[in-house]
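**Student:** For reference, the chains in residue letters:
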Amino acid sequence: MNQGVTVQLLVLATFIATFYISANIYRKTGEFSARKFEGLAKMEEAIGRATEMGKPVHWSYGMGAFDAQYLAAFVLLEYAAGLCAKYDTRLIVSIALPEVVPMTEEVVRKAYIEQGKVESMQPEDVRFWGGSHNPAMIGTISREQVAGNFMIGSLFHESILSIEAAARYNAIQVMGTSNTHQLPFIAAGCDAIFIGAEMFAAAAQLDATPVRVGSVRAPDLITSVFVVLMVVGALMVTMGNTTLKTLIMR
Amino acid sequence: MTFIKTKLPVVVTFVGAFIIIAQYYFDIPAWKTLAAELLRWNVILAAFALALGIGGIVKLHWGRIARRAPTALYSAATLITLAFFLAIGLAQTTRGESYRWLYDYIYLPVAATSYATTFFFITSAAYRAFRIKNSYAAVLMVSAVLMMLQIGIFAAFLPIAPRIAAWVWNIPTSAGMRAVVIGGALSLVGNSFRVIVGLERGHLGGGE
Amino acid sequence: MSATLGIWLAAFLTLGLFSWMYKENPWFRLVEHVYVGAALGHLAVTGYQNVLDIAWKPATQQGKYLMWVPLFMGVLLFSRWSRKYMWVSRSSIGFLVGTLAAVSMTNAIRAQLLSQVAATMMPLDSINNIIFFAVTASATVYFIFTLQQKWAAPIMDLGKYGMMIAFGATFGNTVMSRISLFTGRLQFLLFEWLKLGN
Amino acid sequence: MALIRKLSNIDVRILYLIMVIAAIYPLLRPIGLPLPISDRARDAYAAIEALQPGDLVFFGIDYSPTQEAEMWPQTLAVGHHLARRGVRIVMLNMIEGAFRYEERMRDIILAEYPEYKYGENIIALPFTAGREAAFQSVVADFKGLYTYDLAGNPVGSLPLWNEIRGASDFKMYVELADAPDWWLRPMSQVPGLQLWNGTVASGASTMAPLYQSGQMIGFIIGMVGAAEYEFLVGKPGMAAAAMDTQSMGHVLIILFVVLGNIGYQAIKADESRAKAKRAARGDV
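Residue numbers (this note's numbering), protein chains in the order written: chain A, 1 to 250; chain B, 251 to 458; chain C, 459 to 656; chain D, 657 to 940.
One or more hints might be untrue.
Pairwise CB distance ranges, derived in the manner of DEER restraints [unchecked claim]:
(1) C:651 / A:41: 47 to 55 angstroms
(2) D:914 / A:123: 38 to 46 angstroms
(3) C:653 / D:914: 36 to 44 angstroms
(4) D:822 / A:4: 17 to 25 angstroms
(5) A:4 / B:326: 52 to 60 angstroms
(6) D:922 / A:41: 25 to 33 angstroms
Computed, partial: chain B to chain A, Cβ under 8 angstroms [stated by the list, open to error]:
(7) 368
(8) 375
(9) 391
(10) 430
(11) 449
(12) 450
Since the hints were made in silico from the structure, they are not lab data. Computed from a predicted structure; not experimentally measured. We put the CB at the ideal spot given by N, CA and C, even for glycine.
Please take these sequences and the hints and turn them into a complete structure.
**Tutor:** Written out as structure tokens, the structure is:
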């Protein structure tokens, strides 16, 4: 054993154990619930308003490379597409990466089939733009005067462009990303946001699988323990006892 | 063959990662040496990977030129620039005089300026995008304005402005970002773990 | 002479990108496409030099035979350029991503989780420390997604406000960054190209 | 009302023009607004000031030209400070676009400080790919990672290189980076190595908690940080000259946000009034 890594190893072991145990529990019981997410409620509100106004809603993943954020985005897209199918509202998807086109088509089709509306799905509304994603997205938002604007994924400065374009039509905007450099902008311009891991939890809530459940439960447990440690540790330090503070770096 | 195509990549991923993790926690001198070697290999593979982007771009722009697309001339500009950099760069590496000229007077100004144009995005977004729609956005904007007032005219007339900005930075900002850092690090642990044990394979790529 | 030519070329490229602010135009698009070529070319050249320095020359000139392994795996990476043979690259990619994941994971637990938790164990004996502690703890609670008790909601909300202050500061700082980057190019145009001022 | 409507409907190109003029004017005719030096910058200065001549220091140059405006003035100011302290400098570079800045800084130190002789008390190492893995490699086996220096000399021919055993010989890591934490995660493993960071303003907030926790001993941020440092080392330069432009820009951006929001609130008020009217007439 190396020096100063005991607690670190304990954290990793707890993480892995919780991951597998909670995934297995879910496999047996099928039970998982998480708190209500403002972003999901706002998405529904946006689609409802779009239906009233007879305007479409717009979806994009941003320009970032394919990573885990896309996996959460697929689930959230399925949720949005399902609502759109239910209310007969158009959903336009702008895509930058070629590799996510087939996945996106599949996700949208699945949502329409589940609502029994497969005939009203418009395949041409899933649009691949590649490198010209940004101008194409701005153009789509303006031409269609969208009433709702969603962007979930690995976002870069295209998030600002999208917010600005949709703000002109007072669209309800919901975005989410783990990229800390964009969080301030989406928080400033949107009606609701998913902050980092929040979108993974929302995805697990919408469509739970053992892996997704484990991926939410494990960090949840570690975070809970950390919060307790912070409180106890701070109280101990306040009373002049630094045992816990030095212990966790052992 | 299926083993090489689908299982081997997962095995390689796991074994490489396991050696590095094990020697981090346990004192095994031989593994330490091995891990240092693996890290060097990682660096070399990463260096190879820097050239990977060329394939897709050449395919895309060559296609446009072949189709005589309306943007073919621009595509030619991309390919010609790329060819120049590659020809001179491969001949004399970055240590050559001509390559430095290319870097100083082409790559540097376009890279710096392309990023500087985000200044315009921020300007128009400030005016048209950042509508204060709820109390969260209101708090955000107040904090943003306080940060921007820490230098210049306001600091000149209101010496307290920089002190307020410093407080906002040192206390609530550092504290709030700490939660974001902790959350982000846990996400990183989760993602890394899923990659290492092969639950996530998106990076391995499609194909047959 | 070649420096003067270079500065005029750099100014031409810089102004081309800035011409976007009037509207999108062929000059802008030309420079944008030059950027793509230059950036990819430069990446490849630095990668090439790196491989030469730390793998190829040691392998061929200094008898470090182990270096042939990464050289071989590196060449396999280029099978990604073919849809049919992409699978050949998978083991190399797996190694690259797996070892990096292992490094980040172990490092993050130490440097960003435990160190940060330990630093939050601060004496609650001043207003500043109490505010700091309350914001960190409540914002951390925000990231416990399966916590659904009623009492937790106001704590999460406090945490969200704390994060909004942090995002606001980031917002302000990013505006600063963008203005700096623009100023940097103006300094080039005014002083190096036009040679105004001193 | 008409005025508010007009103010919330200005062509953005006019705003761009106002911004450009506000940026150029103070560059040519400096106003000389005061720049208060922050405690953070003073502490960062003090940390380097506390280095002893001969201490081994890593000097990481890790930014691409995209962030040159903020990072090169920082590099100059910090580089001069390090050279004045007479420390032994080993320059590193882990970002693809940074080698020219490393070269320039090396040449400036060699030209302006006669006590610095290349290979004896300063070395510049070449770019290494791999990001976090490259830094981890420095921690795991620094001497095994490099074969040549930036100029292509075999590292074995440099006397300073032969004096170094590994990363733990170093006193401080001064990292000037446009990217956040992935350098810190590995480097914080080296026992006794102090970490000192200069970064871009846009990426600084993720580093703020790591500075507060004491994991970094010095921290300067963006062009403002560069300007402060220029004043501290007594060499006001590009960053200091840009401060008036910087503050004019801030004022205008704040003004635009306020204008945009006044317009937004006016439109919202209009809409709800119209809605109330329709409701009163019983249209809904």
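**Student:** For every hint, state whether the structure bears it out.
**Tutor:** Hints and how they fare:
no., hint, in the structure
1, C:651 / A:41: 47 to 55 angstroms, "holds, 54 angstroms"
2, D:914 / A:123: 38 to 46 angstroms, "holds, 45 angstroms"
3, C:653 / D:914: 36 to 44 angstroms, "holds, 38 angstroms"
4, D:822 / A:4: 17 to 25 angstroms, "holds, 18 angstroms"
5, A:4 / B:326: 52 to 60 angstroms, "holds, 57 angstroms"
6, D:922 / A:41: 25 to 33 angstroms, "holds, 28 angstroms"
7, 368, "holds, 6 angstroms"
8, 375, "holds, 5 angstroms"
9, 391, "holds, 7 angstroms"
10, 430, "holds, 6 angstroms"
11, 449, "holds, 6 angstroms"
12, 450, "holds, 7 angstroms"
Checked against the numbered hints given earlier, this structure breaks none of them.
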